[in-house]
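Visitor: If you want the building blocks of each chain, they are given just below.
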Amino acid sequence: MTPLAPQKKVLVSTDFTDSEHGQVGCSTCHGGNESSMDKSVAHKGMIPQPSINNLEDACSDCHEEITQTVASSLHFSLSTFKTIVDSRSDGSNQEMLDMARERHCGDCHTSCGGCHVSRPKSVGGGFVDGHNFNRKPQLLNQCTACHGSRIGNEYIGKRGQGDVHAFKGNMHCVACHEADEMHASAPKNAKNRYDLPEQVRCTDCHKDLAYGSIRDHNIHIGKVQCQVCHSQTYTNCYSCHTGDDKEGLPYYTTQQDLETMKIGLNPDNTEPGAPYTYMLVRHVPADQKLFEHYGKNAQNQFDKISNWKRTSPHNILRKTWQNANCNHCHGNRDLFLEDKDLLDYEKAANRLVVVPDNRVPARVARTKAVDIDTSRVKKERIVDVNWLKENRDSPGIIVVDVRDKGSYDAGHIEGAVFLDPTTELRWPWDSETPQELLKPDQIGDILGKKGISNTSHIVVYDNDAWQAAFTLSVLEYVGVKTFSFLKGGIQTWRLSGLPLSTKPTPVKAATFDIKPRTEFVVDNHFIQKNMDTPNVVIVDLRTLDQSKKLASHPNALKAGRIPGSVEFPVFGLFMDHADLKPPEQLLYSLKNRGIAPDKTVILTCNTGAWAGAGFFMLRYLGFEDVRIHDAAWVGWEKFVRYPGCRYP
Amino acid sequence: MPERIIKPIKLLLLLLLSSVLISAIYLQSAVADSSCIDCHTDGAKLTKNLSKDTAKKSSMTSGAG
Numbered sequence: 001m002t003p004l005a006p007q008k009k010v011l012v013s014t015d016f017t018d019s020e021h022g023q024v025g026c027s028t029c030h031g032g033n034e035s036s037m038d039k040s041v042a043h044k045g046m047i048p049q050p051s052i053n054n055l056e057d058a059c060s061d062c063h064e065e066i067t068q069t070v071a072s073s074l075h076f077s078l079s080t081f082k083t084i085v086d087s088r089s090d091g092s093n094q095e096m097l098d099m100a101r102e103r104h105c106g107d108c109h110t111s112c113g114g115c116h117v118s119r120p121k122s123v124g125g126g127f128v129d130g131h132n133f134n135r136k137p138q139l140l141n142q143c144t145a146c147h148g149s150r151i152g153n154e155y156i157g158k159r160g161q162g163d164v165h166a167f168k169g170n171m172h173c174v175a176c177h178e179a180d181e182m183h184a185s186a187p188k189n190a191k192n193r194y195d196l197p198e199q200v201r202c203t204d205c206h207k208d209l210a211y212g213s214i215r216d217h218n219i220h221i222g223k224v225q226c227q228v229c230h231s232q233t234y235t236n237c238y239s240c241h242t243g244d245d246k247e248g249l250p251y252y253t254t255q256q257d258l259e260t261m262k263i264g265l266n267p268d269n270t271e272p273g274a275p276y277t278y279m280l281v282r283h284v285p286a287d288q289k290l291f292e293h294y295g296k297n298a299q300n301q302f303d304k305i306s307n308w309k310r311t312s313p314h315n316i317l318r319k320t321w322q323n324a325n326c327n328h329c330h331g332n333r334d335l336f337l338e339d340k341d342l343l344d345y346e347k348a349a350n351r352l353v354v355v356p357d358n359r360v361p362a363r364v365a366r367t368k369a370v371d372i373d374t375s376r377v378k379k380e381r382i383v384d385v386n387w388l389k390e391n392r393d394s395p396g397i398i399v400v401d402v403r404d405k406g407s408y409d410a411g412h413i414e415g416a417v418f419l420d421p422t423t424e425l426r427w428p429w430d431s432e433t434p435q436e437l438l439k440p441d442q443i444g445d446i447l448g449k450k451g452i453s454n455t456s457h458i459v460v461y462d463n464d465a466w467q468a469a470f471t472l473s474v475l476e477y478v479g480v481k482t483f484s485f486l487k488g489g490i491q492t493w494r495l496s497g498l499p500l501s502t503k504p505t506p507v508k509a510a511t512f513d514i515k516p517r518t519e520f521v522v523d524n525h526f527i528q529k530n531m532d533t534p535n536v537v538i539v540d541l542r543t544l545d546q547s548k549k550l551a552s553h554p555n556a557l558k559a560g561r562i563p564g565s566v567e568f569p570v571f572g573l574f575m576d577h578a579d580l581k582p583p584e585q586l587l588y589s590l591k592n593r594g595i596a597p598d599k600t601v602i603l604t605c606n607t608g609a610w611a612g613a614g615f616f617m618l619r620y621l622g623f624e625d626v627r628i629h630d631a632a633w634v635g636w637e638k639f640v641r642y643p644g645c646r647y648p
Numbered sequence: 001m002p003e004r005i006i007k008p009i010k011l012l013l014l015l016l017l018s019s020v021l022i023s024a025i026y027l028q029s030a031v032a033d034s035s036c037i038d039c040h041t042d043g044a045k046l047t048k049n050l051s052k053d054t055a056k057k058s059s060m061t062s063g064a065g
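Chains Z and C, in that order, give the protein sequences.
FYI, the numbering for the first sequence is 1 to 648, going by our numbering.
FYI, the numbering for the second sequence is 1 to 65, going by our numbering.
Among the hints, erroneous ones may be present.
[Said to hold, decoys possible] Just some of the chain C residues that point at chain Z, by a computed CB distance under 10 Å: (1) His40; (2) Gly43; (3) Lys45; (4) Lys48; (5) Asn49; (6) Leu50.
[As the list claims (entries may be wrong)] To spell it out: a stretch of chain Z is covered by chain C in this simulated footprint if at least three of its residues, at any positions, have a beta carbon under 8 Å from a beta carbon of chain C; those stretches are: (7) 14 to 26; (8) 34 to 47.
No wet-lab data here; the hints were simulated from the structure.
For clarity, every value in this text was computed on a predicted model and none was experimentally measured.
Virtual Cβ for every residue (Gly too), placed ideally from N, Cα, C.
Use the sequences and the hints to build the structure in full.
Guide: What follows is the structure in structure tokens.
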């Protein structure tokens with residue numbers, strides 16, 4: 001989220017002064033000296049966050065009932081942090097633990113203003129809506145501004161396909177997490193949010209499933225947490241460490257994250273709302289040395305609390321790979337948490353969560369196989385680091401690094417040439433066709449100058465996936481026959497202990513003999529003509545915040561979506577750090593949104609880059625008729641608004 | 001002076017004093033409002049006063065994971 005400019009953070013809307021809260025008067029809540037026109041005098045003694053530091057005067061007079069509980073709510077008190085941190089110690093170093101927790105974890109709390117008036121400090125703060133009080137917190141500016149890296153990204157499809165409640169239900173956070181839950185007082189010694197009696201549960205809406213027509217609900221309800229069958233993969237963070245930076249400010253940092261899915265045992269199925277045996281578990285970054293900055297052995301009872309925790313990912317789908325067939329879970333040892341998934345120091349802490357072999361449900365003898373044809377998958381278009389290690393010095397192999405220049409200079413795979421595809425292969429923003437692909441012969445010239453010929457086997461890697469996939473789509477467009485995506489990207493290369501080089505690769509120009517496949521790229525007229533054509537599916541690969549009009553690209557005139565397009569965020573095709581799901585799982589996900597290999601698939605996004613990334617993946621999966629809508633949303637909305645005049 | 005003359009004058013003076021008092025109270029609150037609201041609703045003034053401000057670093061933005 002882009003931080004607001006300093007003046008915009010504190011700009012009060014004139015609407016506010018006419019509102020009910022505006023009539024209360026500034027100093028009632030904020031204190032200060034309101035009779036002075038001098039800034040420093042007026043601000044003396046001012047309370048910037050009255051609902052935290054002046055709750056009684058600011059909110060209680062009118063909202064007495066809410067303020068009675070809100071001060072002990074989870075958002076305000078962060079009481080579960082203390083319960084958990086304290087549980088990992090015998091209490092002999094309580095003072096030190098309290099200080100460490102307060103300095104590193106205590107800053108995240110919020111109160112009334114943080115949800116109803118302002119953006120959180122973590123994204124720079126400032127008013128959401130000119131200091132107007134919004135009854136319902138906003139999904140992007142407030143809820144996911146804090147709960148973003150996991151919950152927000154999962155929900156709107158910045159990791160995975162997004163959540164069915166978002167793309168089908170168009171539901172915002174408050175649709176499930178209502179005021180009663182948010183304002184509720186947390187029970188004493190609550191270990192997590194699930195201990196809150198007011199906590200929303202799937203069954204609040206999805207009632208009586210055990211008696212419904214779905215056989216698997218009858219079988220699994222009460223034994224298996226809903227999310228086990230209905231979630232997508234999610235991120236797991238490792239090794240949080242704390243310290244002070246050069247300016248003396250406390251910081252925390254995590255060392256690694258990993259997208260995966262693990263089923264664990266529920267260590268306490270007497271907890272309210274958790275009667276089941278199996279649940280999804282997420283690795284939280286609690287590390288034995290989390291507070292070592294403050295003293296040795298700060299968590300001297302680390303083994304007491306597991307750090308693989310029950311989780312409820314916000315990426316729910318009705319149909320998932322797990323619920324497509326019994327044996328996608330039954331007998332699938334890899335899906336269940338086991339000893340080898342644990343770091344040495346956390347084995348004891350997680351002993352009750354690990355699923356021993358004899359508790360992995362046995363394979364089911366007779367099941368109906370999932371009808372997915374993978375025979376057309378072009379497997380050679382994906383290579384892994386072992387293949388590249390063996391083959392990178394072979395004649396005809398060209399390795400291309402498409403990360404940013406700083407990352408390339410800091411260390412790249414030896415022999416890799418640098419390419420910035422989004423700026424080098426596309427027209428600039430101030431051109432007549434902003435961000436559209438250059439002409440094929442221009443692209444051929446650029447690639448040739450980098451020593452890339454169309455007869456080479458070109459392997460492209462990235463830190464994440466989409467830039468590499470976009471580059472590969474351009475290569476196919478200009479006629480390259482042999483090209484591959486490096487699965488796992490640079491992170492897997494690095495974690496495999498393979499060497500990196502900081503020396504720029506000497507480039508010997510090559511001849512690039514273009515053989516363009518111009519049919520792959522289509523314009524706005526093609527979209528308009530085919531919007532209602534049977535067997536044509538237009539796929540919007542943007543994240544759901546954009547397709548749902550909550551946000552728009554900075555260069556778009558407005559937020560919106562091409563009518564009739566199917567939402568499938570591009571990140572549903574990739575995993576973190578350029579990892580990939582097996583092709584059958586990807587094909588199954590696409591099929592569930594009506595995107596099948598026998599259709600003409602037109603891919604669109606904001607500027608064409610994600611459409612290109614999706615193009616590579618669909619071609620890899622064996623789709624024959626795939627097109628890139630290069631003008632994309634930024635070009636489409638102008639085309640529709642000013643018909644006949646391409647870029648007015 | 002006869003009572004019939006003094007009484008209206010007293011009444012007029014009372015009215016005058018009351019209106020002065022009410023105006024003073026009103027002006028007081030208007031001034032009070034203007035010190036906060038006048039500045040915080042004036043984008044140009046805020047830009048002028050705050051353009052040199054840089055984001056204050058907090059622990060939440062210091063090396064977050």
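Visitor: A separate judgement is required for each hint: does it hold in the structure or not?
Guide: Hints versus structure:
1. His40: holds, 4 Å
2. Gly43: At about 6 Å, which falls below the 10 Å cut-off, the nearest Cβ of chain Z leaves the hint on Gly43 of chain C intact, so it holds.
3. Lys45: holds, 9 Å
4. Lys48: holds, 8 Å
5. Asn49: Interface hint status for Asn49 of chain C: holds (7 Å vs cutoff 10 Å).
6. Leu50: holds, 4 Å
7. 14 to 26: Answer holds; 4 residues pass the 8 Å Cβ test.
8. 34 to 47: holds (count 6)
Checked against the numbered hints above, the structure violates none of them.
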